[in-house]
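Asker: Position chain B against the provided structure of chain A, taking the given hints into account.
Residue numbers (full-length UniProt numbering), protein chains in the order written: chain A, 1 to 277; chain B, 1 to 277.
Source of the hints: derived by calculation from the structure; they are not laboratory data.
Idealized CB from N, CA, C, for every residue including glycine.
Careful, some of the hints might be misleading.
Simulated restraints on C-beta separations [said to hold, decoys possible]:
#	chain 1	residue 1	chain 2	residue 2	range
1	A	G136	B	E119	43 to 49 Å
2	A	G225	B	C131	36 to 42 Å
3	A	D163	B	G136	41 to 47 Å
There are 2 protein chains.
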Amino acid sequence: MTAGLARFSINQMTVKQLSMPELAAACGESGVTQVGLWRAPVQEYGLRATAKLMRDAGLTVTTLCRGGFLTATEPQARAVALADNRRAIEEAATLGTDTLVLVSGGLPAGSKDLYGARERIADALAELGPCAERHGVRLAVEPLHPMYASDRCVVSTLAQALDLAERFPAHQVGVTVDTYHVWWDDQAPAQIGRAGAGGRIHAFQLADWITPLPQGVLNGRGQIGDGAIDMREWRGLVEAAGYTGPVEVELFNDELWARDGREVLAETVERFHSVFQ
Amino acid sequence: MTAGLARFSINQMTVKQLSMPELAAACGESGVTQVGLWRAPVQEYGLRATAKLMRDAGLTVTTLCRGGFLTATEPQARAVALADNRRAIEEAATLGTDTLVLVSGGLPAGSKDLYGARERIADALAELGPCAERHGVRLAVEPLHPMYASDRCVVSTLAQALDLAERFPAHQVGVTVDTYHVWWDDQAPAQIGRAGAGGRIHAFQLADWITPLPQGVLNGRGQIGDGAIDMREWRGLVEAAGYTGPVEVELFNDELWARDGREVLAETVERFHSVFQ
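Pulled out of the complex, with its shape left as it was, chain A reads as follows:
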């Protein structure tokens, strides 16, 4: 694997305390050339203004997070979700990234039907895939850890994500491999091979697993190197599967967010160096 920062990308959520211009400036100071962005802060700063800011700062946008939430049963809610995902595709194209990360969505209220929810995602991908292709954007279905299966993402494993993605061309639909979500899964290494063979690893993200998990289990992702996940092993797996794209660090962590964002970015860069040296 390559040392240095050529492959590194900082996901904006890791340093969400930074405004968009602060993020661009901090990247310049730290030698970071790639960023993953989120829709809400992009919309807040303005889509075209963000695209210009990133261009002017020499920053490449590696992913836009996120589309998805495609499990509604009610026709009106489903139409709203599809329209929102079409906008997300257009936003990704405007930002110059070729990758839109999709978080599938959880069970509709009162439902216990994981299988039906996964089928509705497939139906939605059939509509969104061609739209993404027209914009030069690839959809990257992200399996989330099974602890999110009911309320955020009914796609819990890489195998499930690939079962969905492989119904469509690889340039339309692939997967996101995030260490935080797949590290526990002894099937994941083989599934990474499957994804790589099909050209479907569209994004690779790092976060470490630390405990105890916080209430709601959203904002307890560990700085890389702090937890139970062997980052070198997982990076080695995606690279052995042929992946040569960005390695994005995406942390949701209340403690990191309480600190100075530029310091957190510098720490993340340093950890990236030390973990992969």
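Answerer: This is chain B only, laid out in the frame that chain A set:
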């Protein structure tokens, strides 16, 4: 599936606010004839006293929870864990249950090696299996939800639990199927079939999945019927696989523990009736 309480067992942890005699009395009042016990309250009340109390109350002990925590690398810690598990086997035999539930244990401090930890469990089962057989006790390896993989249980799926169990005779080592831990897993139905075909479903436990998860994610299990899990489907799966044993409700829930234990037991019985009617 059979309605009525013939198959029902109340795991003591569901109503841990009840003392051992209160538990026995409450079971009598509610028509409950089977209980799953935990080692700590048994030891507190006294092993032989508990066995006598249960016998006198006409209660069958369906499981003893729990042995395990077998992932230590350090020889002294490993010897201590094995000795403790031998005691747990003897306790199970004294209580008259044929089933000791095993929670494997998490990663040793600083380790990132899930595979090595699972192999150490296999080594421990090779020592404990014959001991269990001599006492007429079966070890029931319980996969815990992947959110516990680092700190409590490196065995996260039924497939992994069966990969371990099948190295040994079924009358020595099988698995525990707990809806809370496996409900998200699309491989679990097939693995239940595999377990049943091998005569390795040694325990079946119910808890429902509700969100948000509490800090530490230990004590947020939902009353059956309150969450995302289709209890009828899972009971149907284990019964289709040939399981005819107890259906034990095991809830860890701070809100339930804050209420009157007899009321919680009565509610649990009523839910069991309504979910399976």
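Asker: Take the hints in turn and mark each one as holding or not.
Answerer: Checked hints:
Judged by the Cβ atoms, the range 43 to 49 Å given for A:G136 and B:E119 holds: they are separated by roughly 47 Å. Range check, A:G225 to B:C131: Cβ separation about 40 Å, and the 36 to 42 Å hint holds. The given range of 41 to 47 Å is respected by A:D163 and B:G136, whose C-beta atoms sit roughly 44 Å from each other.
Hint check: no violations occur; every hint is consistent with the structure.
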